[in-house]
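S.K.: Please build the complex by placing chain B on the supplied structure of chain A, with the hints as guidance.
Going down the list, the protein sequences come from chains A and B. Residue 132 in the working numbering sits at position 61 of the first sequence; the count goes up by one each step and never skips. Residue 141 in the working numbering sits at position 105 of the second sequence; the count goes up by one each step and never skips.
Hints should not be assumed to be uniformly reliable.
[As the list claims (entries may be wrong)] If you anchor each label on the Cβ, the simulated ranges turn out as follows:
1. 182(B) / 132(A): 42 to 48 Å
2. 136(B) / 318(A): 40 to 46 Å
3. 152(A) / 181(B): 22 to 28 Å
4. 112(A) / 303(B): 15 to 21 Å
5. 152(A) / 52(B): 44 to 50 Å
6. 304(A) / 233(B): 27 to 33 Å
7. 157(A) / 207(B): 54 to 60 Å
Calculated from the structure, these hints are not laboratory results. All residues carry an ideal CB built from backbone N, CA and C; glycine is no exception.
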Amino acid sequence: MSDTFFTGAPHWTWWIILYFFIGGIAGGAFFLAAMLHFFGRPADRPLVRLGYYVAFIGAVLSGFLLTIDLDRPLRFWHMLIESNTGQPMFKAWVPMSVGSWGLLLFSLFAFLAALAALSEDRPDVKVLQSAPVRALRGRGPAAAVAVLGTTFGFFLAGYTGVLLAVTNRPIWADSTLLGLLFMVSAASTGAATLILLAVWRRAGHPASVDWLGWFDRRVLVLELLVLIAFLVTLGSVAGAFLNWWGLVLLLGVVGIGILVPLLLERGRQAHAPRHLVRSASLVLLGGFLLRMVVLLSSNEIHVLGSGVTGR
Amino acid sequence: MAEPMGFYTDTTVCIGCKACEVACKEWNQLPATDGGRHEMSGDSYDNTQRLDGIHWRHVKFVEQFSEDRNDGRWLMMSDVCKHCVQAPCLEVCPTGAIIRTEFDTVVIQSDACNGCRMCIAACPFGVIDINPASDTAQKCTLCYDRLQVGMEPACSQACPTDSIRFGTIRELKQQAESRLRQLHQLGESRARLYGADEKFLGGLNSFYLLVDEPEVYGLPRTPRVPTRNLLPSSLFSVAGAVVLAFLGVVGLRKHRMDERAIEREDADV
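The shape of chain A in the complex, shown without the other chains (with noise of 0.2 Å):
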């Protein structure tokens, strides 16, 4: 039995979840609207302001998550500031540490490229219009912003795994490969938020909308290879799988996640934004089920407590 299993449960439940869900889109989101930011057409800014308007968003979300599912929420600023000391509290060792002050600096980042985007989409709102507003839009502090928000929200994306990783507990602490994971699936999970914005909206040029399918497809194989050798890393502990989790992991994640949209959008004619958008549904899901799964199967494992195990 790994020793994992002799562990407490810290009961990280639906606010960590949805913040990991949250968090992931928000990382990806930037990332890839970054790319489209430095390499994509004219006819692209729209979607970009898009991604630069869902990392914002999803970043405040992501604060408030982690805030509320605090036992003490009001003391949320202890995470950056030493409480009795007043210095910055900082630990490079710890990620929920690192993790604070990255979402930190992500959120400044995503506020940035958010403001410049809506100073882009609103020439007719005076303030948005000001000289500090407008010199955001400037060839290098976009790029800057681009470059280090990107940065950032690598980060956000995949820390989140290297802090379930950086614990005792089981499943999360039994792999190295959380932090890729979760890295990959935000990614997909990214891609499939502005393909459905894209498609909404109309905004963006047609063969950038594409090219996130692409990207998406070819990510999605990635992850359910990672989430093979994730699952392979466990070793004799992917045996906690072997449950109502497990079949949530199968169908939910691997099959409706990953596979059916694989699936959806093989051949040409797939490429339809219909089809695009019942896969990109699904990949959504199947990003969220993943955290689910992930986190409530751990949190369910336990053999602590009286000995009658030893009888």
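M.R.: Below, chain B alone, put in the same frame as chain A:
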């Protein structure tokens, strides 16, 4: 810094009276479970069942009986925070609420804890949990307040059989090794010390004398620090980011080139 202090628990003389649990609850003013509407476990005489935010001491009843119940034995073990030398909870606490005291013990400062529960997931022994009265993570403090005024922790003082012994780690190790030799001479070959050396977590400042495998007592065989996964997990994630960025750039370039090829074909026609 004072000499490291801790507990040595000789499980062979524990009688399961739970005086330590009661003394701990009383001294630390820990509330009753569910406002006193506590239910029986139903499968053991042990109704505390586990350590958590309001049970900082727990006497485990390990009931080892044959199928026909003709043969069997009880193993009693008063469990508590191990005050690890390399404490995983202290290592991962993101707020700095968990500190190491001058007695080399590990204490959670309730006024600094924000209830993120990172320490709960990091503790290899399942010791820590949220105390619903304070909404912060809590566990045994090794009676830090009593130690500061030269008193013995409440649990070891209350223990009627001296199963729980308090003292300097150096003295406790000598006592434990002496008792281990005695048990081996008496033919109890299964007797062993758990956490008395530095094989894991740099040693435990609350260590045990057991007469069976650690797992039988609900203890991990080789507990480890959670940060063992930090570097490989981070490197895999960084590699993933590089692959995704590469895939994105290659994809956009491919799409652009395909588009230009089509435009050229159209121009040729």
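S.K.: Now tell me, hint by hint, if it's right for this structure.
M.R.: Quick rundown of the hints versus the structure:
no. : hint                        : result
1   : 182(B) / 132(A): 42 to 48 Å : holds, 46 Å
2   : 136(B) / 318(A): 40 to 46 Å : holds, 45 Å
3   : 152(A) / 181(B): 22 to 28 Å : holds, 27 Å
4   : 112(A) / 303(B): 15 to 21 Å : holds, 19 Å
5   : 152(A) / 52(B): 44 to 50 Å  : holds, 46 Å
6   : 304(A) / 233(B): 27 to 33 Å : holds, 30 Å
7   : 157(A) / 207(B): 54 to 60 Å : violated, 40 Å
In summary, the structure is inconsistent with hint 7 from the numbered list given earlier, while agreeing with all the others.
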